[in-house]
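Peer 1: Reading the sequence shown from the start, the letters are residues 810 to 870 in my numbering.
It should be emphasised that the hints constitute simulated quantities derived from the structure, not laboratory data. By construction, the Cβ of each residue, glycine as well, lies at the ideal position given by its N, Cα and C atoms. Careful, some of the hints might be misleading.
[Claimed, not checked] Computed spacing ranges between beta-carbons, pair by pair:
{"#": "1", "residue 1": "R850", "residue 2": "G821", "range": "48 to 56 Å"}
{"#": "2", "residue 1": "V824", "residue 2": "V863", "range": "39 to 47 Å"}
{"#": "3", "residue 1": "F835", "residue 2": "R855", "range": "31 to 39 Å"}
{"#": "4", "residue 1": "F856", "residue 2": "R831", "range": "27 to 35 Å"}
{"#": "5", "residue 1": "I841", "residue 2": "G821", "range": "41 to 49 Å"}
{"#": "6", "residue 1": "A839", "residue 2": "V817", "range": "39 to 47 Å"}
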Amino acid sequence: MVAGGRFVTCNGTPVGELRPIRRHRFVPRATIVDAAARAPRIDADRFRADLDAVINPHING
Numbered sequence: 810m811v812a813g814g815r816f817v818t819c820n821g822t823p824v825g826e827l828r829p830i831r832r833h834r835f836v837p838r839a840t841i842v843d844a845a846a847r848a849p850r851i852d853a854d855r856f857r858a859d860l861d862a863v864i865n866p867h868i869n870g
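Let the hints inform the model, and build the full structure from the sequences given.
Peer 2: Structure follows, in structure tokens:
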């Protein structure tokens, strides 16, 4: 990294990339409220049932 490299390697194989951390951008509260108002409504129970139908909820690990 001292030489300006961007990739992290393991035994010569690229396994990661270093990038500058982007600064957080301020988002006005009104923008978030507007986005939430326009977002589709989600039924939490139905959403959970849909997830449970495709993912085994009893797997640990």
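Peer 1: Against each hint, give a clear statement of whether it holds in the structure.
Peer 2: The hints, checked one at a time:
no.	hint	result
1	R850 x G821: 48 to 56 Å	51 Å, holds
2	V824 x V863: 39 to 47 Å	30 Å, violated
3	F835 x R855: 31 to 39 Å	35 Å, holds
4	F856 x R831: 27 to 35 Å	30 Å, holds
5	I841 x G821: 41 to 49 Å	45 Å, holds
6	A839 x V817: 39 to 47 Å	41 Å, holds
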